[in-house]
Amino acid sequence: MRIAGIINNERRERMHILSAEQFSPAQIEKIFKRADYFKKNSSTLPGRKKISTIHQGRQLASLFFQPSTRTRLSFETAAVKLGMGLISTENARENSSSTKGESIEDTFRILDGYGYDIIATRHFEVGAAARAAAVCETPIINAGDGKGEHPTQSLLDAYTIYKSHGRLQGLTVVFGGDLRYGRTVRSLSRILSKYKNNHLIFISIPELQVNDDIKGFLASSGTTFEETASVAAALKKADVVYWTRLQAEYLANPSTIPKGFTLNKRLIKNMKEDAIIMHPLPRVDEIDPDVDDDPRAAYFRQAANGLYVRMALLDLVLSEKL
Amino acid sequence: MRIAGIINNERRERMHILSAEQFSPAQIEKIFKRADYFKKNSSTLPGRKKISTIHQGRQLASLFFQPSTRTRLSFETAAVKLGMGLISTENARENSSSTKGESIEDTFRILDGYGYDIIATRHFEVGAAARAAAVCETPIINAGDGKGEHPTQSLLDAYTIYKSHGRLQGLTVVFGGDLRYGRTVRSLSRILSKYKNNHLIFISIPELQVNDDIKGFLASSGTTFEETASVAAALKKADVVYWTRLQAEYLANPSTIPKGFTLNKRLIKNMKEDAIIMHPLPRVDEIDPDVDDDPRAAYFRQAANGLYVRMALLDLVLSEKL
Amino acid sequence: MRIAGIINNERRERMHILSAEQFSPAQIEKIFKRADYFKKNSSTLPGRKKISTIHQGRQLASLFFQPSTRTRLSFETAAVKLGMGLISTENARENSSSTKGESIEDTFRILDGYGYDIIATRHFEVGAAARAAAVCETPIINAGDGKGEHPTQSLLDAYTIYKSHGRLQGLTVVFGGDLRYGRTVRSLSRILSKYKNNHLIFISIPELQVNDDIKGFLASSGTTFEETASVAAALKKADVVYWTRLQAEYLANPSTIPKGFTLNKRLIKNMKEDAIIMHPLPRVDEIDPDVDDDPRAAYFRQAANGLYVRMALLDLVLSEKL
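Residue numbers (this note's numbering), protein chains in the order written: chain A, 1 to 322; chain B, 323 to 644; chain C, 645 to 966.
Keep in mind the hints are simulated off the structure, nothing from the lab. Heads up, a few of these hints could be off.
Listed next, with one range per pair, are the computed distances between beta-carbon atoms [stated by the list, open to error]:
1) C:Lys-684 - B:Lys-355: 29 to 39 Å
2) A:Gly-260 - C:Arg-737: 29 to 39 Å
3) A:Asn-211 - C:Arg-737: 48 to 58 Å
4) C:Arg-737 - A:Arg-266: 56 to 66 Å
5) C:Ser-865 - B:Ser-425: 47 to 57 Å
6) B:Gln-378 - A:Lys-50: 37 to 47 Å
Backbone N, C-alpha and C define an ideal beta-carbon position, used for all residues, glycine too.
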């Protein structure tokens, strides 16, 4: 997304990464190719040494106004592995000027003045990253803005599917769990709707069913979908199973979490051999550990892919090739 | 400030930066020239690459016993941009041995043993940095000690004035807001009192008027000053307007904050064309955002200057040229 | 300790550092030689520059699930001084997925996927590091697991004795203070029991006397020991005095802390000339500051030695020479 910001009275256009939707399939392919490159080189010591110098002298500011250890570590690891210098804060909300009433715009105009090459930021307010991008010359990467967007999560999800199936089209994708409040389901659905012949199956309980806005953009893009309560039948058809937590805090009656929502060895037995099981993690008990050793269990690979996708994004933004 | 410390039974003199007052005008000029160098090189990618290696193999420990995200990030960014390795803690008070009753001297003697090239530290106790310097061979930079000193803030303030007016003498400087408790007003006044023919105008409300100690050192240095309640008349005469927050928590009756203490487009209309408006930030509502686009609004430049001044200080301490 | 973990369905053996006990005297000697090398090179700028590149392109993840500023800084400084990239979290417990109910195994399987060269971790649960090692291909260094192990502390303690006496055998070592709950006393006793002709003297109060398990392994290793209440007599015989805090929180009646448990100038007067006084720090009032200038006071050197021992361990693990 190129966003026009007025910086020092001069109009500049910069690449900011604010939403998974901003990417065309061509751009997504470019990101995946670059992620492949970093994945390959990361598997050997000479490869790692090679990539460890390509962005020396550049700096990432990793500014988390809301803590999220895993996402932060993943961004920071990506930067350090590319040779970037790292400046980090893990809980800026508590310790920073924002607690004194400073506006998001002021905060980011000041940070913009420190001359980072990229700012990756998580914020507790929806739209914070876009507001930051509007006043910053420094490219902003949205690492999550409240209940809003988390574009790098969607890209790593899509990359994981791509690595397993070699494509992002013609797939039957089952989403299970919290489809209403979960940010990941909405964002990945949007990416899948950019590709042809995908079929989405939504499994949830009444309180946490998929929202009408998702149904809306699926319909308008020509992506077919269905809602069902039959976990077993859905799993059988799936190329991809994307499982999430049913968070008790969203339920009027937590005891309504049905037992069938825990994936286990028995339940996945009839899945296709080349299907994959994904999960944004952390999982609690919605996937039984007896599934972990199944080759279709992709959730740990999925987390690792986050590193390569973030390396790719940092690299493409720095080299202005996206 | 060269401070004699007894380290391993040996007497050593090291440069520590504890107070803005320790610098002579000649040293200040040296710092500003070096800041200019880093500012210039930071504006181009080849320049940035060049400076990014000059202090490779050196380490900054950034030890904040009291959180201050912005000051910390500014110091750390300066170090990383110079190629230094960075070791950081953002809230050592909560997590450290000091909560178990350890003395400041013990804490810093141990840190001194880790062989950093520089320790930048913020502490909640007045005098902490000086106590640290007394037991450390490692150069200490005071990044704020309670209500005490914050020398790099004063230097960046002075640098901002210097960049706009080309001099630190013969200036009319208006200070507005909290003149009693604000650390910045006292420190900048001290620096200005080292130069000739400055005239200071203090605007505040009765509870937050400037202290007698400030009036004392101004008088003894021959710097003229006046106190007034007329914002409009003062702004008209100003070469520099240094505005700060009137913090409600210091007022017996918060409703006594006068409305005239919010700078806005209308109020600054009659200021000189080459005057500048400064603020240590964060601002809340004491400067209206409609001022931001005015070329005289210098507060964001001022914050950015903090980076260059800190790069200059780190560099000069490391090369023992100050 | 080489631990077999099942990673990606493949069996791998990696060096993990989980307990001080895992090391043979030959390995301990190797670690000390390497620590000597880093200590020597750290004393000059050319030496520091030389070692600052040897592990460039490698990364340490410093993951503290429980805060411990000093231990964390020491590990991170060691890594940065060796040229490693650093990814750090100072309080992962509060901010991480573990608060959402994630298992230790899941947390570390994910971190393992980020491809660090070493993970140094402190955790609040006994056994956490060993559980991490069981699922990680990445070498794990235990930086403290609850009331369990803290192997690098024991190694730096042993290294400090070795630097002073040139040997770890034939020594009379006095342990004073909290011998029951203190992790350091147990671990150092275990290391000393691997060497010949050491004699241990334990001084404490009834509530905090040494545990039977320690007496057990000393007896089975042939290390002699005695328990006494006479501080003065014990100090006179000591080659090493290892003093610790009597923590009031462990005492039924805090007023029972005897005054004789504060080491001071007068009390240490009759110690041998080449004896050393150690303490894991922080100290509060169990060692009077008037002891600090005595050449036998080794506790600040001891803390500094932690850096060199950790550099040695990182280096030996990275080069697979341990």
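For each hint, the structure was consulted:
1. C:Lys-684 - B:Lys-355: 29 to 39 Å: 38 Å, holds
2. A:Gly-260 - C:Arg-737: 29 to 39 Å: Hint holds: Cβ distance 33 Å, inside 29 to 39 Å.
3. A:Asn-211 - C:Arg-737: 48 to 58 Å: Violated, at about 34 Å.
4. C:Arg-737 - A:Arg-266: 56 to 66 Å: At 34 Å between Cβs, range violated.
5. C:Ser-865 - B:Ser-425: 47 to 57 Å: Hint violated: Cβ distance 38 Å, outside 47 to 57 Å.
6. B:Gln-378 - A:Lys-50: 37 to 47 Å: With a Cβ separation near 19 Å, Gln-378 of chain B and Lys-50 of chain A fall outside 37 to 47 Å, so the hint is violated.
Hint compliance for this structure: hints 3, 4, 5 and 6 are broken, all remaining hints hold.
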